[in-house]
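> Residues 140 to 238 in the working numbering are what the sequence shown spells out, letter by letter.
Since the hints were derived computationally from the structure, they do not count as laboratory data.
Any given hint could turn out to be false.
[Unchecked claim] What follows is a list of derived Cβ distance ranges for each label pair:
#	residue 1	residue 2	range
1	T141	S161	26 to 32 Å
2	A238	E157	35 to 41 Å
3	H191	A215	16 to 22 Å
4	P156	I204	33 to 39 Å
Quick caveat, the model's predicted, so the values are computed rather than measured.
All residues carry an ideal CB built from backbone N, CA and C; glycine is no exception.
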Amino acid sequence: MTIHHIILYKFKPEATPEQRQSVKDSACALASQIPAIQGLVAGETIFNPLAHGYDTGVIFLFENIDKVNEYRPHKAHLDYQVATAPYLEDKLIFDIETA
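Turn these sequences into a full structure, and let the hints steer you where they fit.
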């Protein structure tokens with residue numbers, strides 16, 4: 140089974156394009172820092188009136204829930220949360236399991 144750890148980001152209006160890019164780049168860098176991450180994809184939203192203002196999304200792939208539980212307390216993940224928080228108005232996290 141694979142766990143898809145989906146994160147949607149809503150940036151603060153004052154976040155610059157460089158700050159927005161740094162959030163995405165930092166998320167992508169986690170794959171090389173946290174062995175539990177099996178893969179990831181990241182991208183900008185395509186306009187959808189039901190997007191509720193979310194700008195960017197990242198999907199992390201994990202082999203199983205144990206790997207997710209290794210990722211959550213990892214120092215690189217915690218540092219990432221602290222470093223990106225000033226630019227985010229909100230984020231939505233949604234995990235699904237697929238066969």
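> Each hint should be assessed against the structure and marked as holding or not.
Hint check results:
1. T141 to S161: 26 to 32 Å: holds (28 Å)
2. A238 to E157: 35 to 41 Å: holds (40 Å)
3. H191 to A215: 16 to 22 Å: violated (28 Å)
4. P156 to I204: 33 to 39 Å: Check passed, 36 Å falls within 33 to 39 Å.
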